[in-house]
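Peer 1: The sequence shown stops at residue 469 when you use my numbering, and every number in between is there.
In case anyone wonders, no lab produced these hints; they're calculated from the structure. If you're wondering where the values come from, they're calculated on a predicted model, not measured in any experiment. Hints should not be assumed to be uniformly reliable.
Just the calculated beta-carbon pair ranges, DEER-fashion [said to hold, decoys possible]: (1) 442 <-> 89: 44 to 50 Å; (2) 453 <-> 116: 42 to 48 Å; (3) 16 <-> 156: 30 to 36 Å.
Every residue, glycine too, gets a C-beta built ideally from N, C-alpha and C.
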Amino acid sequence: MMISATQTGHSPTYPAYDSLWHLVTMGVLNPEHLPNEWEPTPPSPRATRVAMIDTSVAYDHPNLKDAVNLNLALDLFSARLGSFPGYPADAALGDLHLGDSTMVAQGLPHCASLLADLTARLFAGQPVSYKGIAPATSQVFSAHGTAMAGLIGARPVAPAGEVTTPPDAAQLVLPYCGVDPLCDVVPISTNFDTDPEALILAFLYADLIEADVIVLPRVIPDPSRTVPELSSYLADDSTGTSLTDAVAHCPISTAEREQWEELLELIVRISLRRPVVCAAGNANEEYGVYPANFASDENGIISVGAINAKGWNCSYSPTRNLTVWAPSTDAERVDRAEVRKDERRYDYDAETAPVPNVNDRYSYYDLIATDVPGMGGYATSPFPGTDLPADGRLREFGSYYCRFGGTSGASALVAGFVSLAFSTGRLSRGCGGVEAKAWLLSSSVALGPDHGTMVMPVFSGSPVFPDQD
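Using the sequences and the hints given, assemble the complete structure.
Peer 2: Below you can see the structure in the form of structure tokens.
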């Protein structure tokens with residue numbers, strides 16, 4: 001599938017490009033879009049399991065129907081102990097084959113209490129909706145998670161029914177795929193402005209279902225760690241109040257502060273059992289956002305930055321304390337550190353540009369991801385309404401795919417990359433997060449002296465950066 005965009009005015013048009021360029025760049029697919037030294041054989045006894053702590057997912061997307069594990073998908077947005085969107089509202093839970101998370105919660109009283117509540121909630125025969133509350137998994141909430149799930153594990157499919165556009169493409173397939181089209185993606189959806197309890201439950205659930213990989217494409221709003229630099233500056237020397245406390249929206253109770261402290265310890269402990277892949281942030285944060293900035297050699301937290309299709313650090317990506325970088329969509333930047341402009345943009349004027357684009361680092365290549373079907377999500381559609389036609393026909397590619405990016409997109413690719421290692425036997429299931437991280441680094445390639453310490457995972461061969469014009 002090729003992507004192209006045209007512009008009017010004096011600027012040149014954007015040439016077409018391969019929508020799966022990121023998989024070719026990472027050596028997952030070869031230029032013919034065939035698996036690069038790996039076989040598409042489903043792993044046994046079960047598929048590799050990627051727990052995605054994010055928004056909900058548009059489960060009916062053709063490329064995601066077989067990729068998303070609806071039996072395990074849990075929504076913590078709607079209710080304290082979660083509802084299961086993959087079941088009819090009046091159904092009961094079956095046997096979820098849960099593991100033992102006693103050790104990760106040991107010595108953490110809030111976590112241990114929540115673990116007891118959650119395991120009681122997950123017994124077979126319990127109602128799928130917690131206290132009758134329906135899951136908040138409408139497609140309105142699902143754009144980010146849908147894009148993430150597609151980058152991780154989408155499957156190429158032939159859609160049912162005929163395609164409405166173009167009119168001669170009745171048997172057109174949807175050739176899009178994720179990094180690991182053999183895995184199961186388990187959406188664990190939470191409120192983005194959440195409290196520590198919901199996030200503790202999300203990580204405990206990911207551990208209970210024995211996820212092979214956990215991906216967290218977001219910042220955690222811990223009031224003392226979201227911007228760690230603030231904690232060292234005092235707003236009032238007489239009281240010892242830090243700037244973190246001074247700018248807090250409301251006082252933090254002792255119990256909530258204890259939960260935030262326990263959440264960090266929980267994440268680190270779980271990362272020793274299974275890799276935790278974290279997006280590093282999109283605002284040039286010096287060391288990345290929390291919890292990505294807690295990645296170290298002693299744990300299995302993997303901090304992910306973003307590089308563009310030319311191999312340069314994306315304009316918004318942090319550059320320090322990262323584990324690896326992965327492909328993503330670039331962005332313009334104009335500040336005292338760098339001027340990075342899109343010279344193909346319709347309103348670009350070289351005569352009024354702040355300074356010459358001497359480094360020529362900007363890339364117009366986007367990550368293309370799965371989108372909420374219809375006109376919603378990240379991509380718009382010219383058709384009214386958000387539902388598909390009653391006969392199930394595909395309207396157009398634009399109704400199913402979107403431009404996506406940020407370190408969220410990069411973290412999805414890394415999560416899929418580690419998942420593919422489990423699916424193909426390069427990593428042994430249950431090896432632990434530190435060993436998985438070590439394998440990831442051993443499978444990464446340094447991008448040269450001009451790129452500092454940047455390394456990118458490459459499954460086979462060498463990086464192929466397509467935008468070199």
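Peer 1: Evaluate each hint against the coordinates.
Peer 2: Okay, the hints, checked on the actual structure:
no., hint, verdict
1, 442 <-> 89: 44 to 50 Å, "holds, 47 Å"
2, 453 <-> 116: 42 to 48 Å, "holds, 43 Å"
3, 16 <-> 156: 30 to 36 Å, "violated, 20 Å"
Violated hint for the displayed structure: number 3, the only one.
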